[in-house]
Amino acid sequence: MPDLAELLDVLTFRAGFNTSLVVAGTALLGLAAGVVGVFALLRQRALMADALSHATLPGIAIAFLAAGALGAQGRTLPVLLIGGAISGVLGVVCVQAMLRHTRLREDAAIGIVLSVFFGVGIVALSYIQAHAPAGSAGLTRFIYGQAATMQPSDVRLMGTIAAIAILCTLLLLKEFALVCFNDAFAKVDGWPISFIDLAMMALVVLVTVAGLQAVGLILVVALLIIPPVAARFWTDRLWALVLLAGGLGALSGYLGSVLSALLPRQPAGAVIVLTAGAIFAVSMIFAPARGVLASSIRRLRLRLRIAGEHLLEAAHDENAVELTPDRIGRVARLRGWSSPFRILVLASLRRQGLTRTAPSGLVLTAPGVDRGAQVSRKHALWAQYLISYADVAPSHVDWSVDQVEHVLSPALVAELESKLASRGITVPPPPSTHGANA
Amino acid sequence: MSTIVHPPSAHPKPGSLGERPEHSPDSPLSVHAMTVAYHRKPVLWDVDYDAPPNKLIAIVGPNGAGKSTLIKACLGLVPRASGQVEFWGEPYRKARARIGYMPQRESVDWDFPVSALDVVAMGRYRKIGWCLPVMKKHKAAALACLERVGMGEFAHRQISQLSGGQQQRVFLARALAQEAELYFMDEPFAGVDAGTERAIVGVLRELRAQGATVVVVHHDLQTVPEYFDEVILLNMRVVAAGPVASVFTRTNLHKTYGGRLTLLSEAAEAVARAAGGGE
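Protein chains in written order, with the numbering used here: chain W, 1 to 438; chain U, 1 to 279.
Same shape as in the complex, but just chain W (with noise of 0.2 Å):
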């Protein structure tokens, strides 16, 4: 295991000058692809984006051989991944082909694109090896990525076509986003949307080439797709989306290529990938407006809300303030709830002042009272207003009410009063319970 004292000098790029090109070049890459990422999610081109990173496989094969037949100089990294651009966007034509002249759909188009092309260049790449065995050993390097052995020259080129990518996205961000809302709108208003859409992809293709060589093209589209859908958990605004994603997607390339470099036996890529996948997991469970915890506080808030509601209601039609145990039973029977529900709705109840407990039992304080006789008017003007305008049978009345009565605004219920007066319904206003009962 590593120590600490390397994994700090990994971290604050001291652990050598490849090492820390490597992890700056990553965290470099995963920031466009954070920020280039959110727009082929907003456009619902994610997938399209795998297809493309494999498609470039039988690319690169061909480019090698070709700059072979050229000559072995041409063999350079740029050679390869232009060869890869090309078959890749070759793959995503074919998609759209196949979108526009058949009736596949899209995910078919996809899966066939994407499997085929790999397999060509699988393929490809076997036909290098047994006939020209000479520097074809590092050509799998870029189906799993292979940070650790990048050069200088190749993390400045990740690094320079990672920085075009965010200057393009910031620039057409408009745009952008335009085209992802409406693109109908967009079209009559006068852009060309086909020149947005090819702009959008084009850069898709360059993160995806600047990816190759340090995580692999089987995993660089996770490094386009994670940190967005990752950011969406804690944002809902476009501006914020795209700095989040860029600086989650840096992070996991920092993290991972860090975490990498300190255990030699692992591929960057892959780490680099978990990196962003536990980013994600914390955002999804964790994040305050959309995380699932948050979602699931808030609905067992409001069940219990309701439920506690149900039981101040219940002693107010019996016309009582205790909440003895058979009138709690009742309820709960009526409604199904488990026992530790049950438990659960008397703490709310407690906790929100409506009950306290006195020498007799469990007892509704005033505003408990108050809530009780609020919550059955409810339920009497919606019941009035379903039987008198929506023509619901009184003897079916009772199941939707009971849904409703927990939700009507204020301003709703001053609009019933006056609709049901309308008609000369009028349902008294509860009766002053304070202490009547006590």
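Keep in mind the hints are simulated off the structure, nothing from the lab. As the structure is a computational prediction, the values presented were derived from the model and not from experiment. Worth double-checking, as some hints may not be accurate.
Said to hold, decoys possible - So, partial list: chain U residues that the calculated Cβ filter (under 10 Å) puts toward chain W:
no., residue
1, Asp48
2, Arg96
3, Ile99
4, Ser115
5, Trp130
6, Ile159
7, Leu162
8, Leu204
Ideal placement from N, C-alpha and C gives every residue a C-beta, glycine not left out.
With chain W fixed as given, assemble chain U onto it according to the hints.
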């Protein structure tokens, strides 16, 4: 808000549809012999229509009559199999700066990470131009449009947290932000509350008072006489088109909705009401 002034157009532009005897030269929208097909199945046949300037125009017809398709084909959103469309005697490409569009609410994903104000600001994008950011003055203009539809206080709400009617109003405000002279609106009254319906009607009348022409896909026959000046009765072809008072008749509605009994009785009621209101 600028007031729109119509240039006098005594002479039609050379080579435009206005030169033909069957088309009027000062019409903001001229459709000539337009046919639209989806997968080779025609959905609109041989549509001829001239929109009179400065009117509120309803397109009505049964489901599947091609109401939305008609405006989408005019705007080039769906391809035309044949026919011509001109705006003030010019092709769409030249006239689009004077055209505004409000698509159907269901056509977008409302979980998109933008606020109501951001959406309305999209109506200003063509005035802002490529690559430049939305500045304070553009936001102020967008806010003014939101206020015109009674949504000023919701400017910074994320759009998924708006009700259906509020979302419709945001779309209407975005169309207003385009500051057009000819508007196309696809079902602006679909699924809205009474307050939103009043707000939209108010805005339509304001637009007319400013000199604009508005073409609206409409589904509620009852309100046609009250809200609109002109009506296009559509059922894959134009059954009748013209002023509501002369075209919105029992016979024409029967031809448009033929055989659909429930709609027919609704139509009869609407006609009776239109006749009553006209006297």
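Verification of the supplied hints:
no.: 1; hint: Asp48; in the structure: violated (22 Å)
no.: 2; hint: Arg96; in the structure: holds (5 Å)
no.: 3; hint: Ile99; in the structure: holds (7 Å)
no.: 4; hint: Ser115; in the structure: holds (7 Å)
no.: 5; hint: Trp130; in the structure: holds (7 Å)
no.: 6; hint: Ile159; in the structure: holds (9 Å)
no.: 7; hint: Leu162; in the structure: violated (12 Å)
no.: 8; hint: Leu204; in the structure: violated (19 Å)
Checked against the numbered hints given earlier, the structure breaks hints 1, 7 and 8 and satisfies all the rest.
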